[in-house]
Amino acid sequence: MTISRRAMLQVMGGTLAVPYVARSAFAADPIKVAGIFDVSGGLDIYGQPMVACLDLAIDELNAAGGLLGRPLQLVKYDPQSDIQLYTQYATAAATKEKVAVVFGGITSASREAIRPILHRYQTPYFYPALYEGGVCDRNAFMTGSTPAQTIEKLIPFVTKKWGKKIYIIAADYNYGQISAKWVRKYARDNGAEVVGEEFFPLDVTEFGTTISKIQAAKPDLVYSLLVGGNHMSFFRQWAAAGMSGKIPMASTDFGVGNEHIVLTPKESNGVIAAYAYFQELDNLENKAFLSRLRAKFGDKTPYVNELAAETWYAVAHWARSVKAAGKLDRDVVLAALEGSTIDGPGGKSTIDPSTHHCKMDVHIGEVKNHAFVVLESYAQQAPSDTAAVCDLKKNPNDNQQYVISVGN
Amino acid sequence: MEFAITTLLNVLAAIANLALISSGLAVIFGMMRVINLAHGEFIMLGGFATIYAARMGINIWIAIFVVSPLFVAAVGYVLERLVIRHLYGRLVDTMLATWGLSLALIGAATMIFGNRVEGVAAPLGGVSIGQYSISLYGQVEVWVVLVLFAAGYLVLKYTEVGLVARATMQNPAMAASLGVNPSRVYSFTFCVGAALSGLAGGFLAPLSGVVPTMGVAYVARAFITVITGGLSILVGTALSSSLLATIGTVATLFTTPVVGDVVLLVAAIVLLRLLPKGITGSIFRGAP
Chain A
1 MTISRRAMLQ VMGGTLAVPY VARSAFAADP IKVAGIFDVS GGLDIYGQPM
51 VACLDLAIDE LNAAGGLLGR PLQLVKYDPQ SDIQLYTQYA TAAATKEKVA
101 VVFGGITSAS REAIRPILHR YQTPYFYPAL YEGGVCDRNA FMTGSTPAQT
151 IEKLIPFVTK KWGKKIYIIA ADYNYGQISA KWVRKYARDN GAEVVGEEFF
201 PLDVTEFGTT ISKIQAAKPD LVYSLLVGGN HMSFFRQWAA AGMSGKIPMA
251 STDFGVGNEH IVLTPKESNG VIAAYAYFQE LDNLENKAFL SRLRAKFGDK
301 TPYVNELAAE TWYAVAHWAR SVKAAGKLDR DVVLAALEGS TIDGPGGKST
351 IDPSTHHCKM DVHIGEVKNH AFVVLESYAQ QAPSDTAAVC DLKKNPNDNQ
401 QYVISVGN
Chain B
1 MEFAITTLLN VLAAIANLAL ISSGLAVIFG MMRVINLAHG EFIMLGGFAT
51 IYAARMGINI WIAIFVVSPL FVAAVGYVLE RLVIRHLYGR LVDTMLATWG
101 LSLALIGAAT MIFGNRVEGV AAPLGGVSIG QYSISLYGQV EVWVVLVLFA
151 AGYLVLKYTE VGLVARATMQ NPAMAASLGV NPSRVYSFTF CVGAALSGLA
201 GGFLAPLSGV VPTMGVAYVA RAFITVITGG LSILVGTALS SSLLATIGTV
251 ATLFTTPVVG DVVLLVAAIV LLRLLPKGIT GSIFRGAP
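Chains as they are written, first to last, in the working numbering: chain A, 1 to 408; chain B, 1 to 288.
Treat the hints with caution; some may be incorrect.
Stated by the list, open to error - Simulated crosslink set (SDA-like; lysine to any residue; CA at most 20 Å straight-line):
(1) A/K368 to A/F157
(2) A/K218 to B/T7
(3) A/K300 to B/I5
(4) A/K266 to B/S133
(5) A/K165 to B/I5
(6) A/K246 to B/G130
(7) A/K218 to B/R90
(8) A/K246 to B/S128
(9) A/K266 to B/M111
(10) A/K246 to B/M111
(11) A/K218 to B/V127
(12) A/K218 to B/I5
Keep in mind that the hints were calculated from the coordinates and are not lab data.
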């Protein structure tokens, strides 16, 4: 048998071409997506459930065939609760990995460390944590709740239930300080009175004196904006002083650090909180979401709080908009994101085009035996705090976090 | 009036708290002149020991008073044999070595227990004073510290063990020539210091919760208290705790916790400026 030279060349050429054919037909270049969340260090209790939801969302997109015919590749970074690592990783994600989008940041400090970097490199950025409001940046999207959504609903609820005298205790950094201002504002709007307030550095563990001061002020309720491990000792010392149930407590961050799971029911029952999401929400969408999460993580499934659920929403908003845009081009995707609506486990979430925050359902829940009992739900609350200072339709080049003046 | 009584009891609890977290360091640093930067981590280990013992069904008081001190003393024994005893008399080296130990202990605890706050509910509950109520547990702490310091005083002043320990710390060579084995005395004393830190951690566990990094919050306070106290470890620590905790608590009461901390630090600085050798280096000399 003789093989002609031409046939030989054809065979060789075909063999060489196979990898190219295969790559374009079966394994298109993956779309890289970055997640930057602390899964170690002091903030890991917040970061781990967020990353679990990020993993779930990306896996589900890949199982459904990826986006634009390409699979998604998640590049995960762990900044170890160190702000400096945040800036390094954000730069690496944008320049070295050239990711299409970044999901990340837990504290306001970490967000403000990476937001300007991603703005400069024009890499769309999603911040999924609840926070004090005010960020105005066309390149950034905030899927978590702000004071105008949660505190605005919680104050009238608890002052009607318990009384009009409020004592505020808060963590002494921008989250606690700014959120306390909002508590004062909504207290005033509802004819209530703040009879005392106190701010604690994050390393404070001694609360005996404060507990006496609160007793002396005789408030109808204590509003807690305490954050993190050391501050959890407040609730223990409060219970140890026999105060559990004597003066009730409201909060808009109790529970997202698993406080209600770590503390005993005696120490935590009766605390009332407001969030855009509770794991205990009774709807089909949420039950399906939680069973998918359980199927993936089994025994290791974390308790899902608002921060974690909003991470899922962030990915969903982005994926929906990339599909709608038909390409990864930043400006087209940003345009598709403005007005994007997702029906998810916590209800409907719509990105407001002028603030890039979300209009969403807000729920009030009460701690009972390591879980929240949902008491009330409010449909489609707008981020009116940030809307008062931010209009990206008018000023698309705006790029800062405003401290919203609330008149005190 | 009721507020005054409550405040007084809060001040007493704060004093006891400061004295308790400083007592282990007073022995290791004040007596042995070993700068132990892992002091906070000894407290942390005591906290974990109490929590895990309580979860295994051991009575909470036994966990605090027996399990935690014994466990941390055992850890202290191993560390003294492996690391510390090679460095006696070399201040800077012990500082570096114990700093390394502190990082290693935080890392090990994070790997074993995870980086989250663990806790058990405080026993006893509250007591009412008129319309106020305070933690009974905090008041128990006051009595524990009183008994602890009284016992320490009696042991150091009136027993042979105390005499040998004091003599060895003052002049190891002379003690050795009189038939004492300084190495064993040092080892034993280090274990006592570690046990006291463990007890402090065990006592704190129900009040403040336990997390691998918790030691950082205590180590600076403990050093300030011991240095302000001066040469006599028991009397000095008791006096400086009383002074600093009172000043800090009263300042917190009238202002904010931030100012309270600042005032405490300023008070320590002023005191050391006036009495460079600490309270007992200048007054009450010769007390143990």
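Now for the hints, and whether the structure bears them out:
1. A/K368 to A/F157: Since the Cα atoms of A/K368 and A/F157 sit roughly 18 Å apart, the hinted pair holds (cutoff 20 Å).
2. A/K218 to B/T7: The hint holds at about 16 Å.
3. A/K300 to B/I5: The given pair, whose Cα atoms are some 49 Å apart, is violated under the 20 Å limit.
4. A/K266 to B/S133: 17 Å, holds
5. A/K165 to B/I5: Not OK: A/K165 and B/I5 at ~25 Å, beyond 20 Å, violated.
6. A/K246 to B/G130: 14 Å, holds
7. A/K218 to B/R90: It is violated: about 55 Å lies between the C-alpha atoms, which goes past 20 Å.
8. A/K246 to B/S128: 12 Å, holds
9. A/K266 to B/M111: 30 Å, violated
10. A/K246 to B/M111: 39 Å, violated
11. A/K218 to B/V127: 17 Å, holds
12. A/K218 to B/I5: Answer holds: A/K218 to B/I5 is near 17 Å, not above 20 Å.
Violated hints for the displayed structure, listed by number in ascending order: 3, 5, 7, 9, 10.
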